[in-house]
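Enquirer: Sequence:
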Amino acid sequence: MVFRRRDRRPPLRAVAEFLWPRGGWGRAFHYVKHRIRRLPDHPERIARGIAVGLFTTFTPFYGIHFVVAALLARCVNGNLLAALSATFFGNPLTYVPIGVIALQTGHWLLGSQPMAEVDATLTDKFLAAGWDLWYNVYAIATGAATDWTGLVIFYHEVFYPYLIGGLIPGLITGVVGYFLSVPVIHSYQQRRRRKIKAKFEAIKKRAELEAVNSPHAPRGTKPPNASPLSDAQPRPPKTSRPD
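Those letters in the sequence shown? Residues 0 to 242, per numbering that gives the first Met the number 0, in order.
Source of the hints: derived by calculation from the structure; they are not laboratory data. A quick note: this is a predicted structure, and the numbers were derived from the prediction, not measured. Zero decoy hints are in this set.
Label-pair ranges, simulated between beta-carbon atoms:
(1) Q189 with V95: 35 to 43 Å
(2) Y154 with V99: 14 to 22 Å
(3) H185 with Y137: 53 to 61 Å
(4) R205 with T93: 44 to 52 Å
(5) R192 with H155: 49 to 57 Å
(6) L126 with Y187: 39 to 47 Å
(7) W130 with H185: 44 to 52 Å
(8) I171 with R73: 16 to 24 Å
Think of the CB as a built atom: it goes at the ideal place given N, C-alpha and C, for glycine as much as any other residue.
Given these sequences and hints, build the entire structure.
Expert: This is the structure in structure tokens:
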């Protein structure tokens, strides 16, 4: 395959690089920022893509953030690649604070509290929901008894509060990202156009000089920016006719 690695990474190394990429998260952030700024699109469309990508990281749809960001980018006419790149705002370093903010905001908006009789951490609820999902698929296929307790607890205590609570901080982050991105991308694109224009002008001027100095250049070729009077032949002086 085209994108398959030559050296297959061990599972532990793959997990370690997912949690901490080579060069650190700072290098990964600057790489994503560089790729977003170089996208060939209008700054407003790129900024809209960034906004929906940032908003997506505050949703509980882990594993399908790319799909959610792509759909939202299509709805707001934003840049698809910018939306997908901006979802990297959600990473192992930010998942915990994003989750805490979304859950606390959701329970506050809903006026609810976690079930007192269920003493389980957030990780335990995720694991219980995943186990229930796989077990019930197996139970439906084999005709065994199903048990949806873990998924019900996960939905009421985690998923639904997370979904509601992530709307406000997600919208705020997306709007701030939009208004910060537009001037930055616009300034970068203008500066890049000026550099490209200056580079092409330098190449053109060098090509003209090489053509003039070439031994195969046609006779009478003038160097660039030469004055039209520079090659004019002097006129002979007028002589008076003897009477």
